[in-house]
Amino acid sequence: PRCGDQRDPRVLSHADTPTMLRIQASALAVVAVLAVAGGAMAATGAPPPDAPPISIPPELKYSCHLHMKNASLQLRDFQGTHSYSTTQQRARIQWLTSIQGQPVPVLVIVDSPAKTQYEMFGDTNCSAINYPFSPFNDQWASHAVYEGVQWYHDQYQVGEARLVHAFSHVAPYLQQPNPAYDSMFYMDHFTHMPVAYDSPTQTLSFFPHSYTAGLVPESDFNMTGAGCGKPTGLGASGASAGVSVGGAGPVLDDALRAELRATLLGL
881 PRCGDQRDPR
891 VLSHADTPTM
901 LRIQASALAV
911 VAVLAVAGGA
921 MAATGAPPPD
931 APPISIPPEL
941 KYSCHLHMKN
951 ASLQLRDFQG
961 THSYSTTQQR
971 ARIQWLTSIQ
981 GQPVPVLVIV
991 DSPAKTQYEM
1001 FGDTNCSAIN
1011 YPFSPFNDQW
1021 ASHAVYEGVQ
1031 WYHDQYQVGE
1041 ARLVHAFSHV
1051 APYLQQPNPA
1061 YDSMFYMDHF
1071 THMPVAYDSP
1081 TQTLSFFPHS
1091 YTAGLVPESD
1101 FNMTGAGCGK
1111 PTGLGASGAS
1121 AGVSVGGAGP
1131 VLDDALRAEL
1141 RATLLGL
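Just add 880 to the spot in the sequence shown (first one is 1) and you have our numbering.
What the hints contain is simulated information worked out from the structure, not anything from laboratory work. Any given hint might turn out to be false.
DSS-like mimics (lysine-lysine), calculated; alpha carbons at most 30 Å apart, straight line [as the list claims (entries may be wrong)]:
{"no.": "1", "residue 1": "Lys949", "residue 2": "Lys1110"}
{"no.": "2", "residue 1": "Lys995", "residue 2": "Lys941"}
{"no.": "3", "residue 1": "Lys995", "residue 2": "Lys1110"}
Just the calculated beta-carbon pair ranges, DEER-fashion [unchecked claim]:
{"no.": "4", "residue 1": "Ile979", "residue 2": "Gly1028", "range": "37 to 45 Å"}
{"no.": "5", "residue 1": "Gly1028", "residue 2": "Lys1110", "range": "23 to 31 Å"}
{"no.": "6", "residue 1": "Ala931", "residue 2": "Glu1040", "range": "34 to 42 Å"}
{"no.": "7", "residue 1": "Gly1109", "residue 2": "Val1029", "range": "23 to 31 Å"}
{"no.": "8", "residue 1": "Gly1105", "residue 2": "Gly1028", "range": "45 to 53 Å"}
{"no.": "9", "residue 1": "Phe1070", "residue 2": "Gln1035", "range": "21 to 29 Å"}
{"no.": "10", "residue 1": "Gln982", "residue 2": "Gln1035", "range": "40 to 48 Å"}
{"no.": "11", "residue 1": "Asp1018", "residue 2": "Glu1098", "range": "39 to 47 Å"}
{"no.": "12", "residue 1": "Lys1110", "residue 2": "Thr1071", "range": "37 to 45 Å"}
{"no.": "13", "residue 1": "Ser1048", "residue 2": "Pro993", "range": "31 to 39 Å"}
{"no.": "14", "residue 1": "Pro937", "residue 2": "Lys1110", "range": "46 to 54 Å"}
Because the structure is a prediction, the values reported are computed rather than measured. The beta-carbon is built from N, C-alpha and C at its ideal position, and this holds for glycine as well.
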């Protein structure tokens, strides 16, 4: 109301009907804009302003546990210590698993400068394979959607629940032949260090307090003296001849080696 107008400001006369209509139209327009903006944010997965940037340290050494969810696989659980360096463009994946109740050590080293991937399935018989690619998927988080702060409960290893930032639609950081952006990635709420990946096929959990950040020594990736030989092409089966583990132990045939190769590069 105008200055000196004694009418109840909550009541408009018929003469003010156009004013009311204009106010209603303006309000509806604002609601429509907000709805469209909100829909666009949901469609694009744009994070809220307080969402932390999703990240992986460029150099890291850590211990972790890998559980494969497919009950048909012969190899279900792995535990190991890995390291990688984006500066050197190298990665070391070292697992211990078991076959027929016997321990089986597994080592895979991706050496991008040498364009080679080294593999040791069991205690012997290192092989070298041509691998002229980076070990890292730079687009691993390109589809990430922030899901908020959650408690992460690890069902595959003993440990307390951890407060995390959760992101969906993430791929493994280490390169995959056909990366699927269907993983959940959990990042520590306080340190922003990786806590776990969880996908439809596997769960990879980082052990708390196992991280060593900073430059990874080149010796972690050195295969000199391992007798790996010259790199060869990757066969159609994705595996070479079977390797006997420990003499009388179980044999890693072509199928098992292919299973290992497909499984172990998921960071």
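Verification of the supplied hints:
1. A hinted pair counts as satisfied when its Cα atoms are at most 30 Å apart, and Lys949 with Lys1110 does not qualify at roughly 35 Å.
2. For the proposed pair Lys995 and Lys941, the alpha carbon gap of about 22 Å is at most 30 Å, so the pair holds.
3. Proposed proximity of Lys995 and Lys1110 is supported: the alpha carbons are some 11 Å apart, at most 30 Å.
4. Taking the beta carbon of each, Ile979 and Gly1028 are about 40 Å apart, inside 37 to 45 Å as hinted.
5. About 50 Å separates the C-beta atoms of Gly1028 and Lys1110, a value inconsistent with the hinted range of 23 to 31 Å.
6. Checked against the given bound of 34 to 42 Å, the beta carbons of Ala931 and Glu1040, roughly 25 Å apart, lie outside it.
7. For Gly1109 paired with Val1029, a C-beta distance near 50 Å fails the hint of 23 to 31 Å.
8. Between Gly1105 and Gly1028 the Cβ separation comes to about 49 Å, which falls inside the hinted range of 45 to 53 Å.
9. Checked against the given bound of 21 to 29 Å, the beta carbons of Phe1070 and Gln1035, roughly 22 Å apart, stay inside it.
10. Between Gln982 and Gln1035 the beta carbons are some 26 Å apart, a value that contradicts the proposed interval 40 to 48 Å.
11. With their beta carbons about 22 Å apart, Asp1018 and Glu1098 fall outside the hinted range of 39 to 47 Å.
12. Taking 37 to 45 Å as the suggested C-beta distance range, the pair Lys1110 and Thr1071 conforms, at roughly 42 Å.
13. Restraint check, Ser1048 to Pro993: a C-beta distance of roughly 34 Å satisfies the suggested window 31 to 39 Å.
14. The given range of 46 to 54 Å is broken by Pro937 and Lys1110, whose C-beta atoms sit roughly 33 Å from each other.
When the structure is compared with the earlier hints, violations turn up for hints 1, 5, 6, 7, 10, 11, 14 and for no others.
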